[in-house]
Structures are given as C-alpha cells and as structure tokens.
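Construct all of the structure, not just a fragment, from the sequences and the given hints.
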Amino acid sequence: MGKIKEGAKAGVVAGIIYGIIATIVTVSLEYVFKSGILSAISGAVPPGTATNLDVLYYSTIVGSIIVGMVFSIILGLLLGIILGAFSERIPGKTLVVKGMVLGFLSWIFVHLCADVLNLRYGLAFYIAAVSIGLATLLFYGALLGTFFGQAMKTKTRRRSASRT
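Going by this note's numbering, the first residue of the sequence shown is number 1, and it counts up by one from there.
If you're looking for bench data, these hints aren't it; they were derived computationally from the structure.
Check before you lean on any hint, since a few could be wrong.
As the list claims (entries may be wrong) - Computed list of lysine-lysine pairs in DSBU-like fashion (alpha-carbon distance at most 35 Å, straight line): (1) Lys-93 <-> Lys-153; (2) Lys-9 <-> Lys-155; (3) Lys-9 <-> Lys-93; (4) Lys-5 <-> Lys-93; (5) Lys-153 <-> Lys-3; (6) Lys-34 <-> Lys-153; (7) Lys-34 <-> Lys-155; (8) Lys-153 <-> Lys-5; (9) Lys-93 <-> Lys-155; (10) Lys-9 <-> Lys-153; (11) Lys-3 <-> Lys-93.
Written as structure tokens, this is what we have:
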C-alpha cells in the first residue's frame, strides 16, 4: 500500500507540473492556429445565429486551460498509482524509464486517439498537438519516475532511521 500512496503523491506533483507546461503549450498552439479554430467554430454555429466568434474562441481557450489542468492532475494521480502498484512489472531498468513508458502509453491514448477531435482545427494543428504531446508526456513520465524514486528513498531512510 505504501508504494501506491507514494506513487499517487508523485503522480499528482508531476501532473501539476505537466499540466502547467501542457497548458502553456496548448494555449500557444491555439493562438498560432487561431484562424483554423475560428473556422471550425464558425462552421459549428447554426446559420443565422447571432454570435461573437471571438467570445467563443476565448471561451475555448479558457475551457482548455481548466480542462487541461484538471485532466493533468487526474492523469498524474492515475499513472502514479499504476507506477506505485506495478513498478516491478513495467518495462525499464530505472524508475525514470518506467515513468516514460507510462507517459508514452498515455500519449497513445490521449493524443493519438482523443486528439482526433482536434482534426477539425486542421491537420497542422493535429500534427503539432500530437508531436508536442509526445514530448510533454515523456517529460511528465521522467518527472513521475524521478519523484517516485525520491519518495521511495525517503521512505526507506525513514524506516531505517526508526529502527536504530
């Protein structure tokens, strides 16, 4: 149970850091590809509807920030629990590599599968999001492995100190 608890803590911390970085990158992409996003939004609005596309565009950005941060923390918690529970079974010699394996697997689900929805913003946006997503989730995995390893070392030291 202790490994799962340490994994959950490491996952949440790594998830917060990942969420901040991923949110900054996502918002930057949304600014770079603003015309494609506006085009997708205008195509989704029924004809004859009085709307302000800029308000909808900025609502999309605010929504991606909120959803991105919440999703990152939840993803971090789940992957941290998985690392804590199955660290011996995950391929890799070090915890950093094991964390990166989990980051890669989550990239397959999150970006290759779920980001298909972003194709409405254009192929260039999708390719950029998928590519940057791989880099950020591998970074997240490295953070997760590092934080989990540090937590386990600290726990071992505390256990050793309490025995003497």
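We went through each hint and held it up to the structure:
Between Lys-93 and Lys-153, the direct Cα distance comes to roughly 16 Å. Compliance with the 35 Å bound is thereby established for this hinted pair. Of the supplied pair hints, the one linking Lys-9 and Lys-155 holds, its CA atoms being roughly 13 Å apart against a limit of 35 Å. Using a Cα cut-off of 35 Å, the hinted pair Lys-9 and Lys-93 holds, with the two alpha carbons roughly 22 Å apart. Simply put, Lys-5 and Lys-93 have alpha-carbon atoms about 22 Å apart, close enough for the 35 Å limit, and the pair holds.
Between Lys-153 and Lys-3 the CA atoms are separated by roughly 11 Å; this keeps the pair inside 35 Å, and the hint holds. A C-alpha spacing of about 46 Å is found between Lys-34 and Lys-153, which places the hinted pair above 35 Å, so the restraint is violated. Our distance criterion of 35 Å between C-alpha atoms is broken by Lys-34 and Lys-155, whose separation comes to about 48 Å. For the suggested pair Lys-153 and Lys-5, the alpha carbons sit about 14 Å apart, so the restraint of at most 35 Å is met.
Among the hinted pairs, Lys-93 with Lys-155 is consistent with the structure: their alpha-carbon atoms are about 21 Å apart, no more than 35 Å. In summary, the hint linking Lys-9 to Lys-153 is supported, as the alpha carbons are separated by about 14 Å, within the 35 Å threshold. The suggested pairing of Lys-3 with Lys-93 holds, with an alpha-carbon distance near 18 Å, which does not exceed 35 Å.
Checked against the numbered hints listed earlier, the structure breaks hints 6 and 7; every other hint is satisfied.
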